[in-house]
Amino acid sequence: MATRSAVPHVLLVAAFDDALHAHAGLRRRALERLGCRVATFNLMGTGGWLSRIRRVGLHDRLARAIASTTPALVLVLEGTQVDAAMVASLRHGGVPVWANWFSDGRRSADDIRPLAAAYDAVFVADCATVEALDELGNPPVHYLPAGCDPSIHRPLRARDRFRANVVFVGTATPHRERRLAELVEFGVAVWGPGWRRTKLRDYCRGELLGHEDYIRAYAGASVAVNVAFAEGDQGQREPGASRRLFELAAIGVPQVVEEHPDVHFHFREGSEILIARTPRDLRTLTSEALHDRAWAEQVAAGGRQRALGEHTYMHRLAALLQALSGRAPALAGTGGRAAQPSVILSHGDA
15 MATRSAVPHV LLVAAFDDAL HAHAGLRRRA LERLGCRVAT FNLMGTGGWL SRIRRVGLHD
75 RLARAIASTT PALVLVLEGT QVDAAMVASL RHGGVPVWAN WFSDGRRSAD DIRPLAAAYD
135 AVFVADCATV EALDELGNPP VHYLPAGCDP SIHRPLRARD RFRANVVFVG TATPHRERRL
195 AELVEFGVAV WGPGWRRTKL RDYCRGELLG HEDYIRAYAG ASVAVNVAFA EGDQGQREPG
255 ASRRLFELAA IGVPQVVEEH PDVHFHFREG SEILIARTPR DLRTLTSEAL HDRAWAEQVA
315 AGGRQRALGE HTYMHRLAAL LQALSGRAPA LAGTGGRAAQ PSVILSHGDA
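Whatever position you read off the sequence shown (first residue = 1), add 14 for my numbering.
Simulated from the structure, these hints should not be mistaken for lab results.
A hint or two may mislead.
Restraint ranges, calculated between C-beta atoms of paired labels, are given here [to be verified]:
no.	residue 1	residue 2	range
1	T298	D148	14 to 24 Å
2	S165	A33	16 to 26 Å
3	P207	P293	19 to 29 Å
4	G71	Q312	24 to 34 Å
5	P207	P128	24 to 34 Å
6	H106	P188	45 to 55 Å
Subject to a maximum C-alpha distance of 16 Å in a straight line, what follows is the list of computed EDC-like cross-link-like pairs (lysine to aspartate or glutamate) [claimed, not checked]:
no.	residue 1	residue 2
7	K213	E196
8	K213	E191
9	K213	E199
Beta carbons: idealized from backbone N, C-alpha and C, even for Gly.
Put together the whole structure using the sequences plus the hints.
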């Protein structure tokens, strides 16, 4: 058994809360289960009243966190406020490895490129972004999507306001409004910011959801639909392999997701997930899943088995730590055989 001093220290820099950023806490838990000692730095925090009085800025607060934890790895989740100049300055403190995991896919390659050079490695959630950043060469850019936590994302018995035929949880956008408007006759329930300002206001059951209620809302669905933030390359959009893709699979509900090349890396179409290539497909597959419950539940069971076997946050963090172990020997051997890396691709492989 490794001694406590031999356990690698990781400083996890992210926004932490119980709603939109609850996934950051799940990644901390995965790192701990993989054998790391994890300290966190909350980018949503202010450093407390004393820091405000003294006007201690983000750079100084983060420098103090690094000095007090002496980590082998500083892992930033998104964290664009930790800019390249700040990383370059803080690296002088002797931290051997810095990495950033852009797992939400909301950042374009143009957003990431100015930040990437300051890191030892960058992980992104969309294969197209890997290809767009391919010319960087250094640091290496890896494809690593989000995942799920089976202890949190699991089947639940939902009642009352959380029961619905068709469910979508997420921020309202014009693209989502158009797609979901085609499903209202099936009994749609939508949750999330902005829906009460759309034509689907009468179908909105709540705008602000904690992560537990997010899970209850999808667990209460007969069919869950997974619709991208925006259509094509028009503005901000989610990657095909968004967090929702893996979370819904783990929750164990039949999922109809919009077509995206990355989805096929992770689930088998027809037996683990239902893929809509057109708006008409979205409507047809939703209708079929509602009317053939035995088939829909079989698809849901296949997706859940795949998610638990390959797409947990332990799988993802094991892959990340392995990719970094050459630069940080202290990280070598973390993860063990329980969570072998499953989907990581370096630039040029995607």
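(message) Given the hint of 16 to 26 Å, is the C-beta distance from S165 to A33 inside that range or not?
(response) Taking Cβ atoms as reference, S165 and A33 lie about 18 Å apart, which means the hint holds.
(request) Could you say whether the range 24 to 34 Å given as a hint is met by the Cβ separation of G71 and Q312? (result) At 55 Å between Cβs, range violated.
(request) Return holds or violated for the Cβ distance of T298 and D148 against the range 14 to 24 Å. (result) violated (37 Å)
(request) Take a look at whether the Cβ-Cβ distance between H106 and P188 falls inside 45 to 55 Å. (result) holds (46 Å)
(request) Using the Cβ atoms, figure out if P207 sits within 19 to 29 Å of P293. (result) holds (23 Å)
(request) Starting from the hint 24 to 34 Å, judge whether the C-beta atoms of P207 and P128 obey it. (result) holds (28 Å)
(message) Can you confirm whether the C-alpha distance between K213 and E191 stays at or below 16 Å?
(response) holds (8 Å)
(request) Given the hint that K213 pairs with E196, test it: the Cα-Cα distance must not exceed 16 Å. (result) Measuring from Cα to Cα gives roughly 12 Å; hence the hint holds.
(message) Against the 16 Å threshold, does the CA-CA distance of K213 and E199 hold or violate the hint?
(response) holds (14 Å)
The structure fails to meet hints 1, 4 from the earlier list, while all remaining hints are met.
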